[in-house]
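S.K.: Quick note, the sequences are listed as chains G, Y and X, same order. So the mapping is simple: this note's numbering equals the position in the first sequence, first residue as 1, plus 684. So the mapping is simple: this note's numbering equals the position in the second sequence, first residue as 1, plus 94. So the mapping is simple: this note's numbering equals the position in the third sequence, first residue as 1, plus 6.
By construction, these hints were calculated from the structure, which means they are not laboratory data. Note that the Cβ used here is the ideal one computed from N, Cα and C, for glycine as well. Don't take every hint at face value.
[To be verified] Computed, partial: chain X to chain Y, Cβ under 10 Å:
hint, residue
1, Trp252
2, Asn256
3, Glu313
4, Asp317
[As the list claims (entries may be wrong)] Counterexamples of contact, computed for chain G against chain X with all Cβ distances above 12 Å:
hint, residue
5, Leu714
6, Gln804
7, His840
8, Gln867
9, Lys898
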Amino acid sequence: MVRADRFQRDEGVDTKPMNIVVPIKLVPDLVEELEINEDGTDIDREFLTYRINEFDDHALEEALQLKEKHGGSVTVLALESEETDKVLYTALAKGADRAVKVTGLPEGLSSHALARTMGQALSNIDYDLVLVGVQAADDRDGQLGVLLGKTLGIPHLSVVTDIAVEGNTLTLHKEYAGGIMAQFETEPKVVLGIQAARVIPRYAPVSRVRQLMKEAELDEVEASDIDLGSGTSVRRMYTPTRGEGAEMLEGDAEEIASRIADIINEKRS
Amino acid sequence: MPEATPTREIFLHFSTWMEVVFYVVSAVATGIFLYGSYRRIQKYRRGRKENRFDNLGGRIWRALITIATNSTVRKGDRFGGLAHTIILWGFVVLFIGTVLVALDHDVLRFFSLKLLQGTFYLWFSLILDIFGVLFILGLIMMIVRRAFFKLPELNYDRPDAQDGKVDRSGFVTDDMLFVWLLLLIAISGYFIEGFRIAETMPEFERWSPVGWALASMSGSILDVEGVVTAHVWSWWLHALLVMFFIAYIPFSKMMHIFTDAANLVFHDPDTGRRLPSLPLSSEPLEEGKKASQVMGYTHITDFTWKELLDFDACTKCGRCHVSCPATAAGTTLSPRDLILDLRTFANEALGTPEWLKQKFQTGSRWPVQNKTDGNGHIDVADKVIRPETLWSCTTCMACMETCPVGIEHLTSIVQMRRHLVDGGNFDENLQNALMSLGDYGNSFGESPKKRSRWTKGLKFKLKDARKEEVDLLWFVGDFASYDPRIQALSRIVAQILHDANVDFGILHDGERNAGNDVRRVGEEGLFEMLAEDNIKALKKAKFKRIVTTDPHTLNTLRNEYPDLGAEYEVLHYTNLITELIQQGKLPVKTPQKRKVTFHDPCYLARYNGETEAPREIMKAIGLELLEMPRCGTNTFCCGAGGGRIWMDTSNEQKRTSEQRIEEALDVPGVEVFVTVCPKDYAMYTDAVRALGKEDKIVVKDLIELVAEATSDSI
Amino acid sequence: MSQDILVVVEHLDNVISDVTFELLGKGRELATATGGKLLAAVLTSSAQSLAEKLGVADQVIGVEDPQLQHFNPESYLTALSSVVEKKAPRLVLIANTSMGMDLGASLSVERNLPLVAYAADVEMEGDAAIVTSHLYGGKIYSESVLDADSGIVSILAGSFPAEPGKKDGTPELEILAAPPALSDTRLRFKSLIQPEAGDVDITQEDILVAVGRGIQSEDNLPLAEELAKALGGAVCSSRPIVDNKWLEKNRQVGKSGLKVKPRVYIALGISGAPEHIEGMKDAELIVAINTDETAPIFEHAHYGVTEDLFDIVPALTEKLK
């Protein structure tokens, strides 16, 4: 077995620049309290704030890192919604080359339908790699990356934490429980579900984003004849009841600290 | 011999060739001076354009007053200030005297006119002699000050020296050359006078007391021939020293005579409290296209001509160096060295020759040794000044407050920070804060909907100023809304205003961080976004005045929002409480007989000149205020401003907040450390805890004491 | 279409993962409800040794091939697909793990079967399977109806006890012929990499202080370290802390990290996403401090505090010294 050292990257090998696509999913912001809609089958989407799925942010960062190291291009894709423009311009401000907005679909799409949509949009894009966040908080019917790989008929690998490129060969780390990793090799094209980028995702200065909003154009493609079904239906969504949850400790900091100390000391004794 | 008309012969005992040589040397010296000055002006012309010519008359008048009174130089340094003032006036009077001589000899002579004769000449002689003495006295004071006082201001060690030692002997040489040259010129001038008088000892020359005394002395040593020879020699010595001085001005510290006068004319007292928006690109424009904004300063040519002038205006007086909290904390930032590094680099990059190159490259890896392409195309914010250095600034504005010559450090720092922000060259903590601010309008990463959740503990409902008209709009701010410790203070403020029957309301979830510190971090776009959101909410609301507890918020609302189209009367809560006390709406029932000290917030005292309101309140509620050495506009800093509160501050060896608490502990009898700024409250509470001085001193916001004073005693 | 329940056996280097037994235990229940058999699919190089541990199942379906010694999304899918095609089970239960994610979703497309992920529970109600998923970081639960003849459920590890699924003894073993397409993969498995041995083995610690996003910055970690020191324990964390590189991987608790079972677990600023809960819910005493009173961690903790951790932790450290 090999030690878990990061790959020795050989700068000498002539690496082909790769065109990378990052499909971005907007997810409800979990900082806000989520509420259930009237018929109780979905969250109430009326006043929701959406933001980029945090894993997708890592996927984008990894894509930008690869581009900056080896050349090529980064294209971001997202379904149209109220916040999509901001998310796409932010990606451009970070260094993505092209942003595509996919129009004509409702919010709250299932992963299966999203994979079909992204697959259709990709049919007109020249790409080598698809990097996507390994999961999202609302993947009720499976993770986008895997579904997209199958839809496109190319291999997929989830929970990827390291990508190295040499020539036309990608060396990948897939993470298992307990930090054990499996090393795979492949050639493009492939879909990778990114767990974490090699560095934390970069910051997009708001001035840049605003300037791009004035100057740059987003490409638009319209999705057509997408089968929206996922084969399952939600019959009920609910906020878990605080049943036998924790006993809540109240008071000022000192009192609470004393209670906790007592509880722990009792347990330890 | 009849009593001669009091006057003097200029080229006494000079042969024609000597006169010719003199004029040739003068012409050469003047030529060098003009060339040097021209090179300087060319350098400034390569800076970005900026209009600082508005109200030019007023600017010149203000500068003249400042220079004539030397008020900024004397402030904070009485000895050095006095020395500088008498040197300046001595220099000015002697200069006028020399001009009069030249006028007589080189102009009026040809019209058979003469000024310097008779009574006028006698007064002329006396006044010049007196100011000459003052001039020499001032110079000797300066030499003594430098030689014996061991002032920290004049310690040229760099805080960011890599191995502790930096060779700055060039600085010292430059300083010394300046004072000694002037001293020699002055003394040699007296000797000319003395030898001239000694030849014939005319009675009227008693009006030149110093010359007369020297003449009497030399007359007893030398015969007439010797006196004449000595006169010629001293004349030449004096003349050559003067010529060297003139030629050397543009290449030395002496240039400060001109650069500082200009800098005082073009200084805007509002810079700092009102930062400029993003500069426009200076690239040639395509037809019909508007100039795009650039994200702060990357290259030396991005600085404005005024900023390039700033760098040359610095006399290394070191006042900013000793007042800067970042320097005191042991970070790599010293405002003095920042300006001097930029000066050195500007000279190098923009091709101005310096005869005495300041040699501080040795011993430090900064500034970079790399040659530039001649256009200054090297990343200034990354390579000339260290990013860490730029991030150390708390934007407390102590440097600008104390700078006698109107250098605007802060704008340069923020413009370079903008470039760092654009390149993502900042720490992760700050990144998280900025992302939270972008997503939620607060740095806590909390839902904007929870912004007014702190009001839940109140017994009454706070009005929503967007829905009903109020007298006073309370702009609560981030810390007061989200930090649990400050939330408690906010509730006290609300209760007091409620009890005093003030008609007030808040914007609830319509409020965002006001953006003062976001702007000073250099995230201009985010500032604009936050300000636009706030202005939208403000426009929706109906109110007469705005009040806030946060001086940072106050500053941007009062000084920066007007440029964005939102002009309101903005009060600090101490102004409001003073008003309420005066109107009898807050009767003091339980005077607080306690000994307290007070920390003036940078953004209240320095930025907005308010030092009285908090003191009036303290007096009204019976507190005995014992001032710390640094108070009023000369206040120290808690270390949290300019976005420092969001950053990794581990480069501070000794936190400024802790230094400040120690300063307070040194004031005998102080029990309470009073603050009037949410960030101060948070910083100093932590500092007291970190120092383990909880039993010695307690941090309280003034509002807590007001609440205790206005409630019935128990 | 049969009424059988098929559990996909997850193994790493031919060692069966714990989650498999959790799935088998649940599968047994479901098979009773549907009246079908409990099948265990073993995809490996040699099925016999694994089958010996699968006594709970009625039948073990094995696909053997050297290619299957290690997990590979493509060859495993090919193998599993052939099992599903042959057996046509009512439900396929897969772990929602690193391997299971690749396998479950691709099987769904390959065989055109519906899939429900993030499942924490599955029940049969008449003919319909009802799957409860924990969505939005555990803040929302959803009940999905799998009313098709057949479907896939991707189940979060730690959702069910493992004990009922553990029974030695080899059930009937049916080896299916390896499909020829098995070795036709574009992804090539190269090696397994063990994590670097860290300074601390959090799985062996009695007392753990866990930090999550609520700790806000790397600078605040000493706060947790001091508490851990006062308690004689160690610091561990949720995933975001490790993703931010504030702590080493060997400190991560949860799905892609380690599973811990200390006597005392103090969660600081951890919201309690299912992935994290999975790794720590067996701790004997859980105390959670989080200002968000709706945080799912309070569902699993024994004691909860909604005050600011920055006030509580220093006070607590002081008390415990």
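S.K.: Of all the hints given earlier, name the ones this structure violates by number, lowest first.
M.R.: Hints 2, 5, 7, 8 not satisfied by this model.
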